[in-house]
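Asks: Residue numbers (my numbering), protein chains in the order written: chain A, 1 to 256; chain B, 1 to 256; chain C, 1 to 320; chain D, 1 to 320.
By construction, these hints were calculated from the structure, which means they are not laboratory data.
As the structure is a computational prediction, the values presented were derived from the model and not from experiment.
Even for Gly, the Cβ is constructed at its ideal location relative to N, Cα and C.
Treat each hint with caution, since some may be false.
Said to hold, decoys possible - Here are the computed distance ranges between Cβ atoms for each label pair:
{"no.": "1", "chain 1": "B", "residue 1": "SER228", "chain 2": "A", "residue 2": "SER205", "range": "54 to 64 Å"}
{"no.": "2", "chain 1": "A", "residue 1": "ARG135", "chain 2": "C", "residue 2": "ARG221", "range": "22 to 32 Å"}
{"no.": "3", "chain 1": "A", "residue 1": "ALA197", "chain 2": "D", "residue 2": "LYS171", "range": "52 to 62 Å"}
{"no.": "4", "chain 1": "A", "residue 1": "SER70", "chain 2": "C", "residue 2": "ARG304", "range": "37 to 47 Å"}
{"no.": "5", "chain 1": "B", "residue 1": "ALA164", "chain 2": "A", "residue 2": "GLU242", "range": "23 to 33 Å"}
{"no.": "6", "chain 1": "B", "residue 1": "ARG207", "chain 2": "C", "residue 2": "PHE295", "range": "27 to 37 Å"}
{"no.": "7", "chain 1": "D", "residue 1": "PRO252", "chain 2": "A", "residue 2": "GLN189", "range": "47 to 57 Å"}
{"no.": "8", "chain 1": "A", "residue 1": "ALA184", "chain 2": "C", "residue 2": "PHE295", "range": "43 to 53 Å"}
{"no.": "9", "chain 1": "D", "residue 1": "ASP210", "chain 2": "A", "residue 2": "ALA184", "range": "51 to 61 Å"}
{"no.": "10", "chain 1": "C", "residue 1": "PHE295", "chain 2": "D", "residue 2": "PHE295", "range": "27 to 37 Å"}
{"no.": "11", "chain 1": "A", "residue 1": "ASP230", "chain 2": "D", "residue 2": "PHE295", "range": "22 to 32 Å"}
{"no.": "12", "chain 1": "A", "residue 1": "GLU242", "chain 2": "C", "residue 2": "ARG304", "range": "24 to 34 Å"}
{"no.": "13", "chain 1": "A", "residue 1": "ALA255", "chain 2": "C", "residue 2": "ASP36", "range": "51 to 61 Å"}
{"no.": "14", "chain 1": "D", "residue 1": "THR167", "chain 2": "C", "residue 2": "ASN196", "range": "30 to 40 Å"}
As the list claims (entries may be wrong) - Derived list of chain D stretches under chain A, where covered just means 3 residues or more per stretch with a C-beta under 8 Å from a C-beta of chain A:
{"no.": "15", "stretch": "121 to 129"}
{"no.": "16", "stretch": "286 to 297"}
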Amino acid sequence: MTDLTPQARATLILRFTALADDELILAQRNGEWIGHAPILEEDIALANLAQDELGHAETWLRLRAELDGSDPDALAFGRDATEFRCAQLLEYPRGDWAFTLLRQFLFDAYESVWLSAARASSYRPLREAAEKMLREERFHLQHSALWIQRLGLGTDESRRRTQAALELQWPLSAQLFVPLPGEAELAAQGLLPDLSALRPRWEESTRQHLGACGLSVPAWGAPEDVWSRDQHSPHLPELLAEMQGVARADPEAVAW
Amino acid sequence: MTDLTPQARATLILRFTALADDELILAQRNGEWIGHAPILEEDIALANLAQDELGHAETWLRLRAELDGSDPDALAFGRDATEFRCAQLLEYPRGDWAFTLLRQFLFDAYESVWLSAARASSYRPLREAAEKMLREERFHLQHSALWIQRLGLGTDESRRRTQAALELQWPLSAQLFVPLPGEAELAAQGLLPDLSALRPRWEESTRQHLGACGLSVPAWGAPEDVWSRDQHSPHLPELLAEMQGVARADPEAVAW
Amino acid sequence: MSMTTAQDPRLDPRLEAFEARIARGEKIEPGDWMPDEYRRQLIRMISQHAHSEYVGMLPEGEWITRAPSLRRKMILMAKVQDEAGHGQYLYHAAETLGATREDMMDALLSGRAKYSSIFNYPSLTWADVGMIGWLVDGAAIKNQTMLAGCSYGPYSRAMVRICSEETFHHKQGKEMILTYAAGTPAQRRMAQDALNRWWWPSLMMLGPHDQDSPNTAVLSRWGIKLKSNDEVRQEFINEHVPELLEAGLSIPDPDLRFDEASGNWIHGPINWDEFWAVVKGNGPMNRARLEARRFAHEDGAWVREALAAYGARSQAQAAD
Amino acid sequence: MSMTTAQDPRLDPRLEAFEARIARGEKIEPGDWMPDEYRRQLIRMISQHAHSEYVGMLPEGEWITRAPSLRRKMILMAKVQDEAGHGQYLYHAAETLGATREDMMDALLSGRAKYSSIFNYPSLTWADVGMIGWLVDGAAIKNQTMLAGCSYGPYSRAMVRICSEETFHHKQGKEMILTYAAGTPAQRRMAQDALNRWWWPSLMMLGPHDQDSPNTAVLSRWGIKLKSNDEVRQEFINEHVPELLEAGLSIPDPDLRFDEASGNWIHGPINWDEFWAVVKGNGPMNRARLEARRFAHEDGAWVREALAAYGARSQAQAAD
């Protein structure tokens, strides 16, 4: 840990921020369902997912804190939209149940390949965190993959809705694999997973499952249409206004 | 103005706050439509309505400021939900076009009878403000009444949606006529309109138009189900989080 | 028109044995004989209780997206999740008596079934979440601890499990309010305001005074309700008043006083008109809560249909 | 398959008279003869311009509900309303050339029609609203002032009207950013960040360099475009750079320099790859904008049907 170059340290901080932000924003979107799911059992399942995601966000923020002494709550509740590094896929409103579960599936599949690869990192705190999260993540992926099956192979209506979600989400997913500044170098050094190697693995497994569920995967956009992680959708500031409102309303507060 | 008793002054302040809050919250809900209306012409009409309502809110807050030196912006952007005195009818989410226009119609009709009566107030600033607003308000009422006609007498679908909105909104409307503490005394003294005398006038005119538009007016709730203006729906804090977020995010800001 | 004349249940020879079992403190289990009225009362109580958990997700759930720290957000999600879980146990407990989930859901969504009056009050600030934990869960625990001793096995066991989770929620709510009561001026104001709005509804949620509570006698004979509403309310007040005062908060009851002789805190008169209005369920908030439940239910119809279609398809394939 | 061979329009004897009118500075009016290509180019430009106003309501409109003072909220509502009004004039102007509103709307919603690339950038903070007013409207005004002199009467008159309103928006945006640039540290940061994100898109929205702009030659001959993209861009830069610097903001172009000889501010290289990606409209934001427009359109279908049914009914009654 002490022998990280300043550049490596900065890039790790950036990646931990991106990891945390993806999870935090997804937890927020999933949290909107609690109390409003189509069956009571899924209120419980969604609450589980959202808690695990929030837990992951905390873990990544703590890994960042070890590197720069930052405060996880201040980062979650005090940053403006332009300082976040989440992917736009996670920012979109929860939509209908098909939208929510498809996003969950695409993201869970991404997280699984990322965490699997991260177990080989030469940075021990990352290795350990990845190992631990991967156990939860496998359960998430099972749950969302099963729902895609139910929705894709359920009724015409459920297939139509899931397909519509896929049209929007598939091109957005490309942003998950855009490296952060300096990340390619850290991948070459074995500190971080190599996103360009993960993408085909993710694509193979998601395509296969989506196809088996009767869904057709749309084309990717052109390479120049893929945005870096500092480019956000207008959904993000809207989400943050709600998420951060209470925390920011009383700037003198030291404890919430 | 100088010969107001402290009690009369306090009650006027309360009434101006209630008037302002109704308009402010309605302007906020109508503002959500701008850019999303079913026809471009109605984006323009809704923007007009919302601006007039915001203008009325400012007028009422200025009338209040003359009595207690308060700052209109601080009141609009700095109060918590429990300090607002709007009626719940205005707090509800914009819903569909039928919900929005029906609320507009019920509220415009209320505002028209209230302002007409307020022209006879012995408090000159109120008299003058009412006179001025009434001109705008007649145009609003015409616009919303015409829309109720179009929706009530349009298609089955539009009638169904408008009727559904009426089922929810009619009982909520009763809260508009609940006097504030001390208000009955000020009505007796000729300072403020007498809400109990306005309600039958409002009810007669709205019932007549709704009936002519093929809509059936539901029953009122029991008298004890009518809430005072310090009782809010959970939609209000949600609305305020969005409305006040930017203003509150930078507590040091002196000018926005 | 049915012309059968039911035998007077009080003459059923099995009744004596049943009441003797209860007197000995035995639990009645699903397969056991029980009087129809016992079954009816239990279904009424348990399903109302289940509905209360289900609707009770809403006033706090609205604040999940606005919780001001990572820790509070996590705690709140876990709490609302627990409420969903409690709803599940309780619907199951009512099913052991022959009620069906569909019927119970239909009764709720059509407005026929009742649920706790407390959930028809809105949550207006973040401090409400803490105050609900401290007062509402505090009152619920008093009631549930009593019900944990009730004579019907599945209900009693559900209560034991629920109580232990509620105790956790109660602690968290109290800790939250204590933090704010010792916090910034704005936090203190928010905590006091929440107490002002939740104090009386918390007293009322424990039900009408004994003389106005029609079901108490039979429920007590059959070991369903082991204490009266007023007894439970007194326990709640005696525990919470000193703690609230110690936190530096003031209780919105000018008549509240400590009675040296009984050792009880005596509250002022309760506005039962408000209570009955809320229980009857005509108010705007009741409508909003049911709308939210109905909306979620209707909005999820296509999902449940897909689930059924997928299930049928999988079964058909398995049968091939 | 059509086998008609169109006469070469350059041989049409009316062409000479038409071009002479333009040379004399006369306006062409709706009933007048005009070459098909003139009509086609105008419909293309005016409908794109109308779509830009229509889609352009979105990035700022999102902030109406979040404006931090009564005055700013009022100003912003009026501004977005003006944009709707501009859309209306421009759709009318295109209709004078034979385009229909339905066709134009269909072309927009199906993704066939273009609109200004600038509206595919998201508004991420409140300061973006001010920066859009200052830079985007500032750039638009330069372009519209030029178009106000164009040879087609209805377009020229629409531009005169629009320009005078835009000038107002431009002033308001500038005033807002100047306030924040002289405000708290957080406000200053917000203003600078908005400039960082909107500077290059504002330069790009004025179109490709002259050598890459395929339509410029014919548009210039027929008096539609009186200046080239690069000329308009240079005017925009020369006006705005000194004002931005005076506000204490820094412009995100390390190569920016003042050229004494020409009196121009010379910008560094523009990233046209980004521009073309945004114009082509495959990016996530383009999709989101069109989704929003489509959603409003579909969501409003039942309202338009009711309107039509009511209109038919009223007419039938009037005929009775």
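Asks: Which earlier hints can't be squared with this structure?
Replies: Hints 2, 7, 9, 10 and 14 not satisfied by this model.
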